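Novice: Let the sequences and hints guide you as you build the complete structure.
As a plain string of letters, each chain reads:
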Amino acid sequence: DQQVKQNSPSLSVQEGRISILNCDYTNSMFDYFLWYKKYPAEGPTFLISISSIKDKNEDGRFTVFLNKSAKHLSLHIVPSQPGDSAVYFCAASGINFGNEKLTFGTGTRLTIIP
Amino acid sequence: ETGVTQTPRHLVMGMTNKKSLKCEQHLGHNAMYWYKQSAKKPLELMFVYSLEERVENNSVPSRFSPECPNSSHLFLHLHTLQPEDSALYLCASSQEWTEETQYFGPGTRLLVL
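Here the protein sequences line up with chains A and B, keeping their order. According to our numbering, the first sequence is numbered sequentially starting from 1. According to our numbering, the second sequence is numbered sequentially starting from 115.
Worth flagging that the hints you see were computed from the coordinates, not collected in a lab. Accuracy of the hints is not assured; some may be wrong.
Away from chain B, derived, C-beta distances all over 10 Å, residues of chain A [to be verified]:
(1) D24
(2) E42
(3) K54
Residues on chain A that point at chain B, a partial pick, calculated with CB under 10 Å [claimed, not checked]:
(4) Q2
(5) P9
(6) Y32
(7) Y36
(8) G43
(9) F89
(10) T106
List time: in silico DSS-like cross-link candidates among lysine-lysine, alpha-carbon distance up to 30 Å [to be verified]:
(11) A:K68 - B:K154
(12) A:K68 - B:K155
(13) A:K56 - B:K155
(14) A:K56 - B:K154
(15) A:K5 - B:K132
(16) A:K71 - B:K136
(17) A:K71 - B:K133
(18) A:K5 - A:K71
(19) A:K5 - B:K155
Quantities reported herein were computed from a predicted structural model and do not represent experimental measurements. For each residue, glycine too, the CB sits at the ideal point set by N, CA and C.
Specialist: Here is the structure:
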């Protein structure tokens with residue numbers, strides 16, 4: 001059973017517009033969420049995170065929104081740039097990380113069209 | 115060298131071969147991880163080591179054998195693998211194993227024939 005789901009395997013966005021990547025989770029024990037970005041032939045790179053005590057966290061062009069009641073989070077990138085083209089993984093963990101583990105989604109491939 | 119490095123970057127092996135993947139982190143972290151990334155599947159956590167002791171093992175087949183000789187090095191020994199084990203194997207590290215933010219290596223792409 002997949003506890004973290006990224007239902008869109010791919011997304012194409014025009015340069016300069018907003019990119020919105022979505023992630024849903026099923027485990028109500030998750031209380032910390034992260035986004036990772038992965039370029040080809042490289043490992044995932046930590047991008048931004050959010051704790052369940054918040055509903056928004058912003059870092060430059062990247063903003064993560066958390067809707068706990070809907071068990072949904074999203075990553076907004078604005079304005080989108082060609083260098084943002086990558087695979088984005090959503091990940092979640094619980095209070096006791098050692099037990100809950102860091103669970104990843106399957107990723108969404110974002111392509112920014114110049 | 116900085117960050118997390120992995121060697122080899124690519125590996126092709128037969129089902130009867132024995133090989134090892136190596137990971138090294140230069141971040142002074144105390145925890146290291148092995149992940150498996152198969153096509154169209156979520157990233158799977160395989161093993162977690164904290165201060166050279168294994169703290170997590172997610173029902174991984176015994177044909178995968180990890181080794182952590184010190185907090186900077188992590189190995190994954192492979193023997194009698196199956197074609198379905200072909201995947202990208204990622205190593206990661208974090209300051210402590212209870213910390214969610216992890217730093218990943220580039221991965222080893224493994225093909226089992």
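Novice: According to the definition I'm using, a residue is off the interface if its beta carbon is farther than 10 Å from all beta carbons of the partner; does A:D24 meet that for chain B?
Specialist: Non-interface label stands for A:D24: nearest chain B Cβ at 13 Å, farther than 10 Å.
Novice: CA of A:K68 to CA of B:K155, is that 30 Å or under?
Specialist: 25 Å, holds
Novice: Do the numbers back the hint for A:T106, that is, is its least Cβ distance to chain B under 10 Å?
Specialist: This interface hint holds because 5 Å falls under the 10 Å limit.
Novice: Going straight from one Cα to the other, do A:K56 and B:K154 come out at no more than 30 Å?
Specialist: 29 Å, holds
Novice: Please check whether A:Y36 passes as an interface residue: C-beta within 10 Å of a C-beta belonging to chain B.
Specialist: 8 Å, holds
Novice: When the nearest CB of chain B is found for A:P9, is that gap smaller than 10 Å?
Specialist: 8 Å, holds
Novice: Holds or violated: the hint that A:F89 contacts chain B, with Cβ atoms closer than 10 Å.
Specialist: 7 Å, holds
Novice: When the nearest CB of chain B is found for A:G43, is that gap smaller than 10 Å?
Specialist: 3 Å, holds
Novice: Are the Cα positions of A:K56 and B:K155 separated by 30 Å at most?
Specialist: 28 Å, holds
Novice: Given the hint that A:K68 pairs with B:K154, does the C-alpha gap stay at or below 30 Å?
Specialist: OK: A:K68 and B:K154 at ~26 Å, within 30 Å.
Novice: Is A:K5 within 30 Å of B:K155, Cα to Cα?
Specialist: 10 Å, holds
Novice: Tell me if the straight-line CA distance from A:K71 to B:K133 falls inside 30 Å.
Specialist: 42 Å, violated
Going through the hint list in order, the structure does not satisfy hints 2, 15, 16, 17.
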